[in-house]
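Sequences listed follow chains A and B, in order. So for the first sequence, the working numbering puts the first residue at 1; every next one is plus one. So for the second sequence, the working numbering puts the first residue at 1; every next one is plus one.
Among these hints, one or two may not hold up.
[Said to hold, decoys possible] Sample of chain A residues facing chain B (criterion: CB under 10 Å; computed from the structure):
1) D28
2) G29
3) M416
Think of the hints as simulated: they come from the structure by calculation, not from any bench. Computed from a predicted model, the values in this text were never measured in an experiment. The beta-carbon is built from N, C-alpha and C at its ideal position, and this holds for glycine as well.
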Amino acid sequence: MYKYNDFDTAFLEERNRQFRAQVERRIDGSLTEDEFKPLRLMNGLYLQLHAYMLRVAIPYGTLSANQMRQLALLAEKWDKGYGHFTTRQNIQYNWPKLKDVPDMLDALAEVNLHAIQTSGNTIRNVTADHFAGAAADEIEDPRPIAELIRQWSTDHPEFQFMGRKFKIAVSAGEKDRAVLKAHDLAVRIVRNDAGETGYQILVGGGLGRTPMIGKVLNDFVSQDDLLPYIESVVSVWNQHGRRDNKYKARIKITVHELGLDKIRELTEERFALVRPTFGGADLALFEEIKAHFANPAFRSGGTDAYEAAYQTDPVFRAWADTNLTAHKAANHSIVTISIKAHGQTPGDATAEQMRVMADLAEEYGYGELRISHEQNVILPHVHQNDLPAIHARLKEHGLATANIGLISDIIACPGMDYCALATARSIPVAQEIATRFDDLKLEHDVGHLQIKISGCINACGHHHVGHIGILGLDRAGVENYQITLGGDATETAAIGTRTGPGFAYDEIVPAVERIVLTYLDIRETEEETFLETYRRVGMDPFKAALYPASEKKVA
Amino acid sequence: MPRPFTPKIITANDLLEGDVIYYTADNSWTREMSQAELIEDEAEAQLRLIEAEKDALRVVGIYLTDAKAGANGPEPTHFREDFRRTGPSNYRHGKQEAAANV
Ligand code: HEM
Ligand code: SF4
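Just chain A, with the same shape it has in the complex (with noise of 0.2 Å):
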């Protein structure tokens, strides 16, 4: 794991000091909200509808069992014993008191963590595949790519006061976890055919108000180039981008107006000048910071402790069959935590799940933890003999549950029961859905299927790239709730096409249900999954089946 050296803990050291000077210049009158808040903003202080709310990064959604156990610290002592982590790999405190901020972060920056750049206009926390490291299928761990473009990006003096704030997501195998396509900018960790490592580069991607799917700007970057490259792209887009709107600001609407060979253009140009100011120093960092992102000394052994409990134990079975993937070292096993508990609000974890997973991560998985933009928490590395007995401790603290990819791993965003900005609830719509498909005993014989859901047009619950997406709404005073069908937010990435005016809130739930048994009719198979069924027949059935009424009228 990428560790602090002294800047880095002097940097921080020297932020929080400034902010607390700042936080007690408000709160003593010398400044005003309007001078405070692009302070507190530049810190992860947010205000929300019932409270503060402070925005940690969990960069490249890597957290260690200690890092873990002091965010479980933050929300015992200063928050109401939750945390909720989020689709950009961050966690969330809905209840800090400002005067207890700074000394939050403080308590943050004892285990290295910030939240300095989680929001504002400037490049956010950095994602990452969370089976980084682990996966079977990635060429290479794109953490330190990750990594590199944080320092880089940290304090970056040309990038701190940006048109609109700029998202970047790397991956590195075929498969796409980090939903690429919906960043501004995204690596992706590609061979060519010598043999060579580099990276594709996409552009152009984002959701919100405009969602549009990002594009290959570069199919093959070479590892010296990236960092120049990426800066150049940032640069260029920092100029041409528009300031006069702010819904029009982000590059994929640059891009969009532009064209895409024309940002290519103006991205060679500037390269040209910004590739001799880089003068390997970069490189020579990449190097050292790779070395902090070696593998573990994988454990050998056999796996009879597994194969018994999955041939005796049904309960097991049915976990490790949807929470365990594929991982690249023998006998190992890529866990997911499920924080949806049927009925639970997704993604919240309260301090003491916090505890036990550190604890599961220290004594079995090698001492690290993952954040996932689903909203889970994974131990990447497991020995397949320990899953039995970590099973059984997850069981003990409502950390079992066995759904995901399935119907109830929902992301929500916060929406109106927290959010200042929404216009609907999202969270106790997840809420109602998981717990009727679990009520119904459906969920596994419907199988993969991801529904996302925004309590508002800004599309922080991904609503869009949803198998089904939720997007709530204020239609005259009252909550109405807009379904988009086959969102897509892999490697073969799509927007969900609505499939009609919205339902009431009472209505949403029985909505959903009616297009999820009209897939099941429809199948061909069993494995044909709900997204595969709807790109062969389209809408129509699924029309059919939300707008009896009006069909009729057609007909």
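On the provided structure of chain A, position chain B with the ligands as indicated by the hints.
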């Protein structure tokens, strides 16, 4: 044609705690919407807002919002203000819970 004026209350968040507060007839702030001042006149609403904004160093995000007269004082007319008044609806842990502990 301008829309007819509807009754308003003044609300904000507390600077230190961050929680939802309402402006009262005696120029102070309360946690209870039912104790807020219901303002029935448009010009008066603007004057009261200016008065409330004198507290801008202690409270954050002051605004006028619709409310109606209820049996026990002002009540929300929109669900957003209803949630602000009560706390998150996913489970009881906001204002609802604080009230239960009094
Ligand atoms: C509750 C406080 C939050 C506020 C005020 C907020 C605000 C916003 C805004 C204004 C946008 C639109 C940006 C644009 O289009 O330029 C946005 C986008 C986004 N937010 Fe949030 N958000 C919040 C919470 C969250 C949470 C909890 C998550 C993760 C679950 C999240 C993840 C995202 C993502 C993934 C986008 C993607 C759209 C994009 O940038 O292309 N946000 N947010
Ligand atoms: S999508 Fe809207 S409601 Fe949901 S967290 Fe983002 S800004 Fe808030």
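Structure-based check of all given hints:
1. D28: holds (9 Å)
2. G29: Holds, because the Cβ-Cβ distance from A:G29 to chain B comes to roughly 4 Å (cut-off 10 Å).
3. M416: Since the shortest Cβ distance to chain B is 6 Å, the answer is holds.
The structure meets every hint from the earlier list without exception.
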